[in-house]
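Let the hints inform the model, and build the full structure from the sequences given.
If you're matching them up, the sequences are chains E and H in order.
For what it's worth, the numbering used here labels the leading residue of the first sequence as 3, then goes sequentially.
For what it's worth, the numbering used here labels the leading residue of the second sequence as 76, then goes sequentially.
It is worth saying that the hints were derived from the structure and are not from the lab.
Keep in mind that this is a model prediction, so the values were computed, not measured.
Hints are supplied without guarantee of correctness; some may be wrong.
[Stated by the list, open to error] Here are some of the chain E residues that sit facing chain H, going by a computed Cβ distance under 10 Å:
| # | residue |
| --- | --- |
| 1 | Asp6 |
| 2 | Asp191 |
| 3 | Lys273 |
[To be verified] Calculated pairs, BS3-like style, for lysine-lysine (alpha carbon to alpha carbon, straight line, at most 30 Å):
| # | chain 1 | residue 1 | chain 2 | residue 2 |
| --- | --- | --- | --- | --- |
| 4 | E | Lys147 | E | Lys302 |
| 5 | H | Lys266 | E | Lys18 |
| 6 | E | Lys301 | E | Lys149 |
| 7 | E | Lys297 | H | Lys266 |
Note that CB positions come from ideal geometry on N, CA and C, so glycine has one too.
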Amino acid sequence: MMDDLETLREAWGEPKTPSHTARMQARAALMSRAAGRPPEPVRPRRGFRLPRVGVGLVAVGALAAVVAAGVVVVRTSGGSRDSHSSPPGGQVGSVALAANVLDRASTAAEHRHFTPLRSHQWIYTKMSHTTGTGPGGVVTGGPYKTKVEENWWRADGRQSAGITNGRLSVGPAGTKPQRPFSYAPLPTDPDALLRKVGGRAGGYEMAYDTLVEILAQTVPPPREEAAVFQAIKKIPRVTLIKGRVDAAGRPAIAVGLETGVDHKEVLLDPKTYAFLGDRVITIRDQTLESEGEPKTFVKKGTLQTERLRTAVGVVARPGQRPS
Amino acid sequence: MRRPEPGTAEVTGERGDATAGTTDAEIIRLSGREPERFAEIFDRYYAEVYGYAERRLGPSLADDVAAETFLIAFDRRDRYDAAHSIARPWLYGIASNLISRHHRAETRHYRALTRVGPPGTVDGPADQALGRVDAQSNRGRLARALAAIPRGDRDVLLLVAWAGMTGEEAGRALDIPSGTARSRLHRARRKIRAALGGIDPTTIGEDA
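In structure tokens form, the structure reads like this:
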């Protein structure tokens, strides 16, 4: 029996993981403070806000140069995400159509060429993240901004690396694998996998998010990846978007979870069913009302967030890119 | 001062006795003379402090709050109560205070999550007939309730619900008496239960 606290916990799903850049900046700021600046009295600052680069500015010596870089920010204006792309929202199709696509994705995954990873190898990904430029929360339309990030995860999930200020920075090795690597090895039975990621009444959205993270970040063996698609199929209210959607110029199949007014979609290559990215689209017009604030209207079809994986591969060392 | 290069001989010796079995309190004590030891506290807790702040404020403020939490903790390390071997509540207390400086942003964040509006505005009658208001849409109702709960009560509630603390740990984190923490938690939970409709939430949305 789930109590109110558990409901509160499960309704939010998995906690988000910090970006590699943010982690390295925060660690560099701490290390420079530790490196000799006398402990400063803590000034209570009202409405404080660390400027984005401010963390880097307090750093000294070799660590001083830690500011966000390797990050390309593109601002687009106007209502659409990109002048050459069509509006993102498609027509939501049925659960049966989604099941069909997920079956084919599962079969394709099972027959994918695969070389087992060794724990000292690294998984490279390049992702472009698109979000609204507002203060956070709901996106009512453009402009959007896009950040491109390259990351390396050691295959066992115990260490990560990224590009900071044009230079490779490798994080400390942990004792335990981080999510979503911590779920490995994945059960090849879809029911068992769904249980392992917390899929049950009240926990399906969290389970869905976890399965998508597994597809996005890890390189599971064929039978395990096949089970991921089968497990997604077992989650209630997973539906297909009719037709093809645009994933940065590439056609993609969008299949995903309906959560209230949003559709959380996985984007798959129509031929190979490889993971191309994921995004959240508002699929019903909605009006947000709260006391003391003007009404906010969010039009059906509005893109909330999008993450496209433009490259992925296995390399020997962090800093290497797949050829 | 340079950060030690991992893997060099002199560092290996240092690390051999460190990381694994050392308590947070011991690391914090050692960091009084060897300030860089404090990085171990960062490595242990940064990701979860970020995750907690992200849920309350969204990603961009969470970056700042998580970074600032460890700078403040570092500055206050000489005042750490060594009787507590685990530093987690202390760090969450610092993070909670930072988050409370952003209470307007926090409220906005929850309101934005009020994605399932009042009946009729978002979930049409057809949706309700289909039983679409299920456990996942609890988030909308809960977000609205969180936005309305007084800050002090919300701090305790979320340390318990999201950071997995006991009422007593939450009290220690926030530096309030445990009785006060318990009564705040009680008040906040009443509102959460009311938001969930006073129904056993496990039955919401189940096909039955």
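Tested hints:
1. Asp6: holds, 5 Å
2. Asp191: Where the cut-off is 10 Å and the nearest Cβ of chain H is about 23 Å from Asp191(E), the hint is violated.
3. Lys273: This interface hint is violated because 32 Å lies over the 10 Å limit.
4. Lys147(E) - Lys302(E): holds, 20 Å
5. Lys266(H) - Lys18(E): holds, 26 Å
6. Lys301(E) - Lys149(E): holds, 24 Å
7. Lys297(E) - Lys266(H): holds, 24 Å
The structure fails to meet hints 2, 3 from the earlier list, while all remaining hints are met.
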